[in-house]
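Given the sequences, and given the hints that come with them, work out the whole structure.
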Amino acid sequence: MAEQRKAIGVILFSDPDDISNGDITDVYPHNWWLPPSGAQRGTLLLGDGDPLSADYPPISMIVTTVF
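Numbered per our numbering, the sequence shown spans residues 1 to 67.
Just so you know, these hints were derived from the structure itself, not from any lab. One thing to keep in mind: the hints can contain errors.
Derived Cβ-Cβ restraints for the label pairs, each shown as a range [as the list claims (entries may be wrong)]: (1) 23 to 2: 16 to 24 angstroms; (2) 38 to 7: 21 to 29 angstroms; (3) 48 to 2: 19 to 27 angstroms; (4) 51 to 22: 30 to 38 angstroms; (5) 3 to 38: 24 to 32 angstroms; (6) 3 to 57: 24 to 32 angstroms; (7) 38 to 4: 28 to 36 angstroms; (8) 12 to 36: 39 to 47 angstroms.
We put the CB at the ideal spot given by N, CA and C, even for glycine.
Below is the structure:
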């Protein structure tokens, strides 16, 4: 949708409920919840690996997909 509207960037905000349970004492490394000083990182890529050489390692001999 952003590309169709010629956007030059997109800012995504995570739902705090996805990264914290509200208890600041129950955070990493004692649990997997993100502490208040942490920053969530994510991706919009729906697969694993290099998107330009799907299912193969990114080496110079492999033909990559051009978007």
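Here is what the structure says about each hint:
Separated by about 35 angstroms at the C-beta atoms, residue 23 and residue 2 break the suggested range of 16 to 24 angstroms. Checked against the hint of 21 to 29 angstroms, the C-beta distance between residue 38 and residue 7 comes to roughly 27 angstroms, which is consistent with it. Against the hinted window of 19 to 27 angstroms, the Cβ-Cβ separation of residue 48 and residue 2 comes to about 23 angstroms, which satisfies the hint. Restraint check, residue 51 to residue 22: a C-beta distance of roughly 35 angstroms satisfies the suggested window 30 to 38 angstroms.
Distance hint check: the CB atoms of residue 3 and residue 38 are about 30 angstroms apart, consistent with the given range 24 to 32 angstroms. A hinted range of 24 to 32 angstroms holds for the C-beta pair residue 3 and residue 57, which are about 28 angstroms apart. Checking the proposed 28 to 36 angstroms range against residue 38 and residue 4 shows it holds: the Cβ atoms sit about 33 angstroms from each other. For the pair residue 12 and residue 36, the supplied restraint of 39 to 47 angstroms is violated, since their beta-carbon distance comes to about 19 angstroms.
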